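Peer 1: Each chain is listed here by its residues.
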Amino acid sequence: QQKVQQSPESLIVPEGGMASLNCTSSDRNVDYFWWYRQHSGKSPKMLMSIFSNGEKEEGRFTVHLNKASLHTSLHIRDSQPSDSALYLCAASSNYAQGLTFGLGTRVSVFP
Amino acid sequence: NAGVIQTPRHKVTGKGQEATLWCEPISGHSAVFWYRQTIVQGLEFLTYFRNQAPIDDSGMPKERFSAQMPNQSHSTLKIQSTQPQDSAVYLCASSLAPEVFFGKGTRLTVV
Numbered sequence: 341q342q343k344v345q346q347s348p349e350s351l352i353v354p355e356g357g358m359a360s361l362n363c364t365s366s367d368r369n370v371d372y373f374w375w376y377r378q379h380s381g382k383s384p385k386m387l388m389s390i391f392s393n394g395e396k397e398e399g400r401f402t403v404h405l406n407k408a409s410l411h412t413s414l415h416i417r418d419s420q421p422s423d424s425a426l427y428l429c430a431a432s433s434n435y436a437q438g439l440t441f442g443l444g445t446r447v448s449v450f451p
Numbered sequence: 084n085a086g087v088i089q090t091p092r093h094k095v096t097g098k099g100q101e102a103t104l105w106c107e108p109i110s111g112h113s114a115v116f117w118y119r120q121t122i123v124q125g126l127e128f129l130t131y132f133r134n135q136a137p138i139d140d141s142g143m144p145k146e147r148f149s150a151q152m153p154n155q156s157h158s159t160l161k162i163q164s165t166q167p168q169d170s171a172v173y174l175c176a177s178s179l180a181p182e183v184f185f186g187k188g189t190r191l192t193v194v
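Keeping their order, the protein sequence lines are chains A and B.
Quick note on numbering: the working numbering labels position 10 of the first sequence as 350, and the sequence is numbered without any gaps.
Quick note on numbering: the working numbering labels position 9 of the second sequence as 92, and the sequence is numbered without any gaps.
Next comes chain A alone, as it looks inside the complex (with noise of 0.2 Å):
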């Protein structure tokens, strides 16, 4: 069992709508997210990161994090069509060490 899980596997979003995407780690040890974007082809390049609970904004993503239930999301409002991808969240005991990648949601987002 992915000890990083994502939901939902797959989101077909409309151009200008929001897209929502969750993450939640079973491992306890877990003090560390990272959400990264891949697009096809591509290798993944990291979009946010988030160690503390809350939410944190970068232009049109916001991250939320809950350590209690180990549980981040990320949000995409205002979707482009160049935001069709795979979003992968990852999830770390400790920020500079290796990271258990979940297995994704790809995000469609059609004109």
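Fair warning: there could be bad hints in the mix.
Quick list of in silico lysine to aspartate or glutamate cross-link-like pairs, EDC-like style, CA-CA up to 16 Å [said to hold, decoys possible]:
# : chain 1 : residue 1 : chain 2 : residue 2
1 : A       : Lys382    : A       : Asp423
2 : A       : Lys343    : A       : Asp371
3 : A       : Lys385    : B       : Glu182
4 : A       : Lys407    : A       : Asp371
5 : B       : Lys161    : B       : Glu101
6 : A       : Lys343    : B       : Glu127
Covered stretches of chain B (in silico footprint by chain A; criterion: 3 or more residues with CB under 8 Å from a CB of chain A, positions within the stretch not fixed) [to be verified]:
# : region
7 : 124-138
8 : 154-161
9 : 173-183
Derived from the structure by calculation, the hints contain no laboratory data.
This one's a predicted model, so the numbers in the text were calculated from it and none came from an experiment.
Built from N, CA and C at the ideal position, the CB exists for glycine as well.
Place chain B on chain A using the hints.
Peer 2: Then chain B, alone, in the frame of chain A:
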């Protein structure tokens, strides 16, 4: 900054042959990671080095896989007696914590 450089980009090996994958991390980054990505298993951590020293190889299949970092400018991942199930995209990454930068990967196909 050319980013993390991986060579070759594609490699095809026959079952039972050896494959060596190369990685040049970003200059100045102290940590180097190896991951493997498949559709079924997703992005899996294999091993990582910090300041050239091996720190964690918990994700490495023990018998046929080995990784080295002989100097700060390159790392290798060697797979002996390759099997069809080793077919995957192997991603090298380097880090100046907390952000991890991935290379474009080596697609290994074992026939």
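Peer 1: Decide, hint by hint, whether the structure agrees.
Peer 2: Hint check:
Straight-line distance between C-alpha atoms of Lys382 of chain A and Asp423 of chain A comes to about 14 Å, which keeps the hinted pair within the 16 Å bound. Under the criterion of a C-alpha separation no larger than 16 Å, the hint pairing Lys343 of chain A with Asp371 of chain A is consistent with the structure, at around 13 Å. Among the hinted pairs, Lys385 of chain A with Glu182 of chain B is consistent with the structure: their alpha-carbon atoms are about 9 Å apart, no more than 16 Å. The straight-line distance between the Cα atoms of Lys407 of chain A and Asp371 of chain A is roughly 7 Å, inside the 16 Å bound, and the hint therefore holds.
A C-alpha spacing of about 7 Å is found between Lys161 of chain B and Glu101 of chain B, which places the hinted pair at or below 16 Å, so the restraint holds. At most 16 Å may separate the alpha-carbon atoms for a hinted pair to count; Lys343 of chain A and Glu127 of chain B meet this at roughly 11 Å. Look at the region 124-138 of chain B against chain A: 8 of its residues bring a Cβ nearer than 8 Å to a Cβ of that chain, three or more, so the hint holds. With a cut-off of 8 Å between beta carbons, the region 154-161 of chain B has 0 residues touching chain A; three or more are needed, and the interface restraint is violated.
Remark: the region 173-183 of chain B is confirmed as covered by chain A, as 6 of its residues place a Cβ nearer than 8 Å to a Cβ of that chain, reaching the required three.
Checked against the numbered hints above, the structure violates only hint 8.
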